[in-house]
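S.K.: Respectively, the protein sequence lines represent chains X and A. Position in the first sequence (first residue = 1) + 6 = the working numbering. Position in the second sequence (first residue = 1) + 6 = the working numbering.
Hints were generated in silico from the structure; no laboratory data involved. We put the CB at the ideal spot given by N, CA and C, even for glycine.
Coverage of chain X stretches by chain A, computed from C-beta distances (three or more under 8 Å per stretch; other residues unrestricted):
| no. | region |
| --- | --- |
| 1 | 333–341 |
| 2 | 580–594 |
| 3 | 615–629 |
Straight-line Cα separation of at most 25 Å, SDA-like style, residue types lysine to any residue; simulated pairs:
| no. | chain 1 | residue 1 | chain 2 | residue 2 |
| --- | --- | --- | --- | --- |
| 4 | X | K399 | A | R697 |
| 5 | A | K282 | X | P57 |
| 6 | A | K224 | A | E78 |
| 7 | X | K399 | A | A691 |
| 8 | X | K399 | X | D567 |
| 9 | A | K399 | X | R697 |
| 10 | A | K282 | X | N103 |
| 11 | A | K399 | X | D690 |
| 12 | X | K399 | A | A688 |
| 13 | X | K399 | A | V698 |
| 14 | X | K282 | A | N103 |
| 15 | A | K399 | X | P699 |
| 16 | X | K454 | X | P104 |
| 17 | A | K399 | X | T687 |
| 18 | A | K282 | X | P104 |
| 19 | X | K282 | A | P104 |
| 20 | A | K282 | X | L97 |
| 21 | X | K399 | X | S530 |
| 22 | A | K399 | X | A691 |
| 23 | X | K399 | A | D686 |
| 24 | A | K399 | X | R703 |
| 25 | A | K643 | X | R703 |
| 26 | X | K423 | X | G729 |
Now the in silico label distances, taken between C-beta atoms and shown as ranges:
| no. | chain 1 | residue 1 | chain 2 | residue 2 | range |
| --- | --- | --- | --- | --- | --- |
| 27 | A | T173 | X | E99 | 28 to 34 Å |
| 28 | X | E99 | A | P685 | 58 to 64 Å |
| 29 | A | R275 | X | D668 | 52 to 58 Å |
| 30 | X | G199 | A | P692 | 43 to 49 Å |
| 31 | A | P285 | X | S73 | 41 to 47 Å |
| 32 | X | D689 | A | R703 | 41 to 47 Å |
| 33 | A | D711 | X | P587 | 26 to 32 Å |
| 34 | A | R275 | X | R703 | 51 to 57 Å |
| 35 | X | G502 | A | R703 | 43 to 49 Å |
| 36 | A | P692 | X | P587 | 29 to 35 Å |
| 37 | A | R249 | X | D689 | 30 to 36 Å |
Now for the letters of each chain:
Protein chains: 2
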Amino acid sequence: MSVTPQHSTPLNVADVTVDDPFWSAEQHLARTAVIPYQWEALNDRVPGADPSYCMHNFKAAAAQNASKRTAESSGKRFVPPTYTDRGFNALPEDPANPDADKFYGFVFQDTDFSKWIEAVGYTLATHPDPELERTADEAIDIVCAAQLDNGYLDTYYILNGMDRHFTYLKDHHELYCLGHLVEGAVAYYQGTGKDKLLKAAARFADYVASRFGTEEGKLRGYPGHEIAEMALIRLAEATGERRYADLAEYFVRERGASPLYFEQEDRARAVHDGNKYQPNEDMPLPYAYYQAHQPVADQHEAVGHAVRAAYLYSGVADVARLTDARDLTDAVDKLWRNIVDKKLYITGGIGGTRHGEAFSYDYDLPNDLAYSETCAAIALAFFARRMLQIRAKGEYADVMERALYNTVLAGMALDGKSFFYVNPLEVRPEAALNRDRNFEHVKPVRQKWFGCACCPPNITRIVSSIQQYAYTLGEDGATLYTHLYMGGRARFDFAGAAMELGVEAAMPWSGEGKATVHLERAASGTLAFRLPAWAGDETGAAAVVTASGENEGRVSREIRDGYLYLTGEWRDGDVVAFDFPMPVVPVAANPRVGENIGKVAFVRGPITFCAEGVDNGEGLGRLHVDAARLDEATAEKFTMHAGFDESRTDGSGRTGVVDPVDWDMVRLTVPGWREPVEPDTADDAPVDAPRVPLYRRFDPACAPDRQPVDITLIPYFAWANRGLSEMRVWLNL
Amino acid sequence: MSVTPQHSTPLNVADVTVDDPFWSAEQHLARTAVIPYQWEALNDRVPGADPSYCMHNFKAAAAQNASKRTAESSGKRFVPPTYTDRGFNALPEDPANPDADKFYGFVFQDTDFSKWIEAVGYTLATHPDPELERTADEAIDIVCAAQLDNGYLDTYYILNGMDRHFTYLKDHHELYCLGHLVEGAVAYYQGTGKDKLLKAAARFADYVASRFGTEEGKLRGYPGHEIAEMALIRLAEATGERRYADLAEYFVRERGASPLYFEQEDRARAVHDGNKYQPNEDMPLPYAYYQAHQPVADQHEAVGHAVRAAYLYSGVADVARLTDARDLTDAVDKLWRNIVDKKLYITGGIGGTRHGEAFSYDYDLPNDLAYSETCAAIALAFFARRMLQIRAKGEYADVMERALYNTVLAGMALDGKSFFYVNPLEVRPEAALNRDRNFEHVKPVRQKWFGCACCPPNITRIVSSIQQYAYTLGEDGATLYTHLYMGGRARFDFAGAAMELGVEAAMPWSGEGKATVHLERAASGTLAFRLPAWAGDETGAAAVVTASGENEGRVSREIRDGYLYLTGEWRDGDVVAFDFPMPVVPVAANPRVGENIGKVAFVRGPITFCAEGVDNGEGLGRLHVDAARLDEATAEKFTMHAGFDESRTDGSGRTGVVDPVDWDMVRLTVPGWREPVEPDTADDAPVDAPRVPLYRRFDPACAPDRQPVDITLIPYFAWANRGLSEMRVWLNL
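Whole structure, please, built from the sequences with the hints as guidance.
M.R.: Structure representation (structure tokens):
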């Protein structure tokens, strides 16, 4: 019996419980540390943090609606936002006394609420919390009160004047706000069954659909920051309303079509504002930053702002799946190849350059200058999951897993209270602490919160819904795909029978575990298990999987595209056991990645490891891996005692704090040697003090005395939890 | 007989002719290509280049003076300059119709003239050119007519309102204009004997002296951009007027004294302008960018803007020499050590970071991100020559020579018509062509001219006066130091006798040559010859030097601090012959320079070499030097056929043009191997096309097939003369 990969959709969050020690700890952090903190932030109650103004803006818009006035009828002065390095921002003249009627913050500030309510929805799905639900319902009441009668819901334009709405799609994020609102509304609806916000989101989507499209008289625009594409597909799937998928398809199909809408918009706005039109100078083509440089079906290289890009590709994959569009499938296949073969960090990060938070050119993957935004890794996981939904293929899950376990989790401290936007693969604290502004984007310790709060709530929403990355159900209704091995129980309808799959696993530290089938009655179908690439080739990996029914011929196996398909009649109590090997693997990069020539990194299972100064002393560049003794590398269990409190006053004004917390993990010991270095001479030493020349004759016969050392490597996601320290993923040979 | 190093001063430019093929070719370029071009630029007659407005401003100020009006009495509207990344700039509202009465350009635009007239002065000293001299005299008439009656001469304030002069020393460059004016005036005076400009410069200096100082009622300020310090010493030495040295000493002594003048000035200006005072955030201390963070005598680490820094240190060395100030000598000694031991590129460049064009922290010497401004290398040569003037020490000349032959000359194309500001040690054209804005300061081909024209005229003035770096005369009047070996004839008074030293040399390609003594009568004294560090240890290097009088005991030798002192009675016809060995030397950096671990660079004599893609194919990062076969490296004579014309239209809008020109030089061949790379798969290839994984298991037993190659290295100064190409100084081992 041969099994063909098929389209599939994730299980509902509420139908999968997570009792895996690793992920339940992460979800616990999201639930108990981040979500409450985030609510305070939305309401501008976090001392020392820049105000969000998010709920302020919704309340102001609600009050304006209640008064039956509009911004124009109130004669309010338009507050033009100021362009900052993070987008358009409007701030009160007197920060101590914001005007209760005005919009403040970034133009996309409404999404702070949407991301929060999305995480709340996931959390309530599995962890009822009446108090949190009441808070959420009250917030939803405020948000819905801000919506205009026609369905429009973006407080920036509601408060500043609807005459200019939809005139600056490129940078003013109205359709991004729509997308996040939909994501939040669907999650809250699925988590609680309450549809007030869902209806509001649908009304906003309907209004947008009435204004955008190829029909005469409609705007032919599309989102400046993508997300609405995948959100609308989700809305279509949640509501069964095809028209939302049509709107998503329109956005995808129109994007980059000639003449370029954003250029026309830029020209029209220049005329309106009395400014000179400035041609867009994105590379490689105008508007590439927005992935709007050419039709999406023609895009083969991942370019521009990495989060925008991967959000778009996620939406394109969704549209391709729903519409069976070969040209779009081909586009995402090629974009996937471009990213995975040429633009992906070994940590699962994407978007190598800080400039535009963007993809750089092929094979340009700088370690120390890396941007590798947390949100971009999250977006890559979105994209990968959607590629899996098109067809199960081990590589998609391998990349998704790598992004999740490494860069995504690195974005949050082990106490859940501080965050990285930027995830470099090499950090020298001197550079990061602003002695060299080339590295000013690199923070050596995580930050408490951000005025532009995208990464922390993005981590919350993906961690709170991690179940949806573990399982998808095939469209035949009789194929369950297990993509990630995660302890917990998944409930789903399996060929007409209610199945519950109870999984025990110890990822990411061990590849051993089992899945137990619970069925009310026997049912025939396929349980498909991913064969992780880190466990070796498919045949070898499949050999460590055994299923109860195989010996008696009740269940047969097929290996295909990195999945083991176990097909046949399943009975209550059947067990699928696995014990994937998890050796320590030294990795080399394609030599086209100039940055990593002569270097090696270490992975074990899905985890990428790194060296920290706190374990290895300073000067990580002088540590060398001993290539002749690589087989002596070992892994061992280890409890990291995280926590520090450094109130540095070195001019950078940065303070690092992680509350004390112990995390069980695995660390590696790799044989190496340290390049000796002569003592540094202080600048104020006497001029005749011994000096170490900066340059000297290189004589291979006088190679430096190799001092053997054991190099300690910790999981990348756990770095910067023990204080200010050097860090390096790629080690010199 | 023991000889102690002594203070010394350079010979006059006019007293030394240069017939050395290498330097006379460079001087020829400066004289025939750059100086005439520069004059056109000063007069805004270069098509396609941003106007300088330099002569425009002088004419406007002269006309205003002639009309007996002032800016205030004319009721002119002040044109506030705008801060750009290169300084304060004021541009006409309609570029096609600049107002003849107004100031335009950078606030320091007057110095375009001063740098030009300085180079003209040097050139006329050895190459009379009546037409050029007439042009120069006419320009001087205009400049002098712009001077106010009180001696003040900075057209920015003359044209904008003298009520605000000397209120923004930190960034408005008035004292920088003074410094350059003095440098130009002295050079023109020494080259032509004409003192009109010298007198004008002296009057400006006198006015400044009347306004600045520690006396009651005077301003306690000092230059925001240093140069006046060394210029005033030069003025003092040229005129014999001690008061100019006193002013220089005041500037040096007051700088960084508490309370910080620039902070007081910033506060006062904030009050005047009604702005909020913004604390300066330079690292490591406020105002370090200006080297004004602490008293100069306490400064031990080179910090801030590299050109400013090395100009200051040059002035400090001059003041230390003239005043025998131990604390200042100690400061420059330590600053020198800091630069040479921790912050100097192997190309003689300094100032590693583009941000602030500044020194970074110790041992931070990035190759690809390097700023290494041409002017900073010139400034380092200034500093080194002045250290030599304090005491002859081989290291000073070694560094000076390295800066001159490598980064300084790299700043100019071999046709003398295009220029680099930035001199990286590694260039990937993809990065530089703005695919990655981390590298937007790096130009892969030289540029025609610059709106902020500092580097091209700075190259002109140092190349045109290169003689002054070759020889200095000791204060005993009977010691001639030869620091650089340069073909030509030097005339000087030697112990009361007129000596002419005729030098034949073939630097930088061969260490062989001789110096012939021409004397009207025998004279006793010392001829001191530098023993270059590249020729081996002192004893070995001295062993290849022979002097006529040695055998007969008329001349004795002493080796001291990198110089061979030949002392005794010299007679007409005496010959000092030398044949310094010039092996190919592989060089390693101090392992604290993380950037260069596992890498090697090649030098031969004073020349640092580099690999270019045009010789070695693309992917220079995949070239490895074969450490086991280093002794097979060879040097050979080579004629570079420079010249290309690339009108690229890749969005960067940059065009590279070098006129065809042949240059004789030496190239190296170094045995190495190339790391193989699988063919790249195009992004639009079918999805099932063969793919090359980005990461794979590293297995030292399956080391890549080493493809032996001969690596071709050319002199660093000659890179980017044959088209767009990769370049790399430090090669992987």
